[in-house]
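Here the protein sequences come in this chain order: Y and H. The opening residue of the first sequence carries number 275 in the numbering used here; numbering runs sequentially from there. The opening residue of the second sequence carries number 3 in the numbering used here; numbering runs sequentially from there.
Treat the hints as calculated values from the structure; they're not laboratory data. All figures in this text were calculated on a predicted structure; none of them were measured in a lab. We treat Cβ as the ideally placed atom computed from N, Cα and C, and that holds for glycine. Hints are supplied without guarantee of correctness; some may be wrong.
[As the list claims (entries may be wrong)] Each pair of labels, with its calculated beta carbon distance range:
1) 353(Y) x 235(H): 22 to 32 Å
2) 239(H) x 276(Y): 41 to 51 Å
3) 190(H) x 308(Y): 39 to 49 Å
4) 303(Y) x 129(H): 28 to 38 Å
5) 116(H) x 276(Y): 15 to 25 Å
6) 315(Y) x 131(H): 54 to 64 Å
7) 303(Y) x 195(H): 36 to 46 Å
8) 91(H) x 338(Y): 43 to 53 Å
9) 345(Y) x 239(H): 31 to 41 Å
10) 387(Y) x 145(H): 26 to 36 Å
11) 384(Y) x 131(H): 43 to 53 Å
12) 391(Y) x 146(H): 30 to 40 Å
13) 276(Y) x 87(H): 34 to 44 Å
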Amino acid sequence: MSKRRPYVRSMDGWWRKNPFFVEYMIHEGTALFVAAYAGVLLAGLFRLSQGEAAWNAWLAALTNPWYIAFHLAALLALSYHTYTWFKIMPRTMPPVVVGGERLPGWVITAGGLAVAAAACLGLLALVWGMAR
Amino acid sequence: MSDMQKTIEIEVLRYHPEKDKEPHRQVFEVPFTDDMSVLQGVQYIKDYLDGSLSFRWSCRMAICGSCGMMINGIPNLSCQTFLRDYYPARVRVEALAHFPIERDLVINMEGFIEKLESIQPYIIPKEERTLAQGEYLQTPEQLNAYEQFSSCINCLLCYAACPQFGLNSSFIGPAATALLHRYNVDSRDGGKAERMELINSEEGVFNCTAVGYCSEVCPKHVDPANAVNQNKTNSAADYFLRFLAPKGGAK
Ligand code: SF4
Ligand code: FES
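With the rest of the complex left out, here is chain H (with noise of 0.2 Å):
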């Protein structure tokens, strides 16, 4: 019935900081089905072969966003990435680059946690409401304008896709840009005057050059670098419209 077992070799940037000065490549031999993601064979080593070897998941269908990993050098979601689209030839799994690696394939993601904390995500009102006036209305136009921002899972594929974060890790970065223009644009939002403040800094949006892989690589479709260029557009409104209104506009 069952013809010869399959296996593929899996590479991985391994890196344990109790013992290792840097990562160094450990290959495995895998046996595999050809249902089989890149995160089960990563599991089966675990498994299997080595119980010390360390990486995220826990979803296994592209919604809880922590499987991230470079599959062959391109950032992608090992659970929703097949084994069979690599073999025979050999897959390399490393941590998601421009992130400091904690351990083989975690990264450590406490910078993008505070950058998400500084956007405030969540809805500022405009004016003090009670219970009384009711829910909030939207109408599906106002929907539309932020609903695909709110998609984001919080993978990090988009900062191992930009080149500018990681030549400077203190750039706010494509997910956490594309979140804060989410409540920015959303009709029950009254917190743009504070958020475009971190648009304009020196962390903000000018740090992009448009190269647009981060869009190219999200999961969710989210399309960050079009949140990330609408708001060099909105800062440099926000720059000359004081002139004009010195009350209003960035600080």
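The shape of chain Y in the complex, shown without the other chains (with noise of 0.2 Å):
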């Protein structure tokens, strides 16, 4: 009779073990800010086709201190959801030739926050300059 008999390890909080797992669900974590952010932008639209009224209580209830807050923390976990996101751009993507040269990961990286960066101070410009 064979004496073989392998161990399974346990995977049981497996996303603890490792800074990079722990890095990696917070990652996945701020993605549901997303999401909720999306249900807030969503909820104004539907706001908006109810009529000049419903808008502006959905106006007014963004002002409440909660909501503020709520915004606060939704920058700060999109803005490292989007640091995250570009970070790992490069090993996602097929490689990019430029002049015969393979374009190094960093690059990818830098270029994705440079639009990102530039993108947000866009829409921030033509926002203010309509609310002015």
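Take each chain as given, in its own frame, and dock them per the hints.
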């Protein structure tokens, strides 16, 4: 009879066992804020469709300190999500070859972050211009 | 001349299937010099302290891929990890995570060998060629397309770094996918359609949630996460293309 008895270790609490996994879980967790914020925007759109009074009520509700705190938390979470998203991006796409040389990963990450920052600033400027 | 002999504590996760119900820790006091690798520390234990300790090794130069272990919880080749980097703290060594332990630091890698076979890790020629037609020619760009993925030494550190493989051992996983990709993007190969069926399957690339740690620990810079994620795109293309070209694409 075989003496072999391979032992399978438990995966319980796997994500706590390595700092890399903890970071991964935080990254995945911040996606909940992305979803929540999409919900907030959709609610606004819905209120807009109901007419001016509903829209103004929604705007007033947004000035609630709890809502402002949520926005700050969401800003932090989304910034972190954006950062980690672009950090992993070079690993998820086909190689980009420029002039016979493969573009290093950090260039792709930096490029993505720059585009994200430019898009945010552009949107902010647009909204700023419309609000004035 | 020689000052006091330095010693370091090495904690090993032991498991002997004949007598142990489950693995347990054992600490050894090992004399060491600054040029000693963790593998040499473990070899010292086997030679002088406890001959029953089992582990795999061969080349001692990070090329055979047999000495992978969890060292302080991180998958690494024990022959390229040095005791001096842990001193004076204790070093913990354990069999590679996510694989069944056969005995002490030896894992059961049968599952991986089956996966390796299943990807057909050889060139499947596009068409029959006679000797008279001569050798295949390849441009440097064609070589570049797959070279990085051909550097894999089957050390399995990437599997020990992949929680999705730990949760579902039927996932084909990083190294096997990297090798599969290596043949699929080789200009001499014509086996892509067959291999894509594996990529698209339940065991395929969509088990991956882009944790990315596999590429982080790979000692040969294969970047298996890149092979897996490129094939998510390929798989999606395969899926949609079959609506356009009913004869081609995935089944
Ligand atoms: S891809 Fe890298 S980590 Fe994985 S088995 Fe191959 S060499 Fe080892
Ligand atoms: S002994 Fe060969 S890779 Fe470490």
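Quick rundown of the hints versus the structure:
1. 353(Y) x 235(H): 22 to 32 Å: holds (27 Å)
2. 239(H) x 276(Y): 41 to 51 Å: holds (46 Å)
3. 190(H) x 308(Y): 39 to 49 Å: holds (44 Å)
4. 303(Y) x 129(H): 28 to 38 Å: violated (52 Å)
5. 116(H) x 276(Y): 15 to 25 Å: holds (19 Å)
6. 315(Y) x 131(H): 54 to 64 Å: holds (60 Å)
7. 303(Y) x 195(H): 36 to 46 Å: This hint holds: roughly 39 Å between Cβ atoms.
8. 91(H) x 338(Y): 43 to 53 Å: About 51 Å separates the Cβ atoms of residue 91(H) and residue 338(Y), which means 43 to 53 Å holds.
9. 345(Y) x 239(H): 31 to 41 Å: Holds: the Cβ-Cβ distance is about 39 Å, inside 31 to 41 Å.
10. 387(Y) x 145(H): 26 to 36 Å: holds (32 Å)
11. 384(Y) x 131(H): 43 to 53 Å: Holds, at about 46 Å.
12. 391(Y) x 146(H): 30 to 40 Å: holds (32 Å)
13. 276(Y) x 87(H): 34 to 44 Å: Because 39 Å falls inside the window, the suggested range holds.
Violated hint: 4 only; the structure is consistent with all others.
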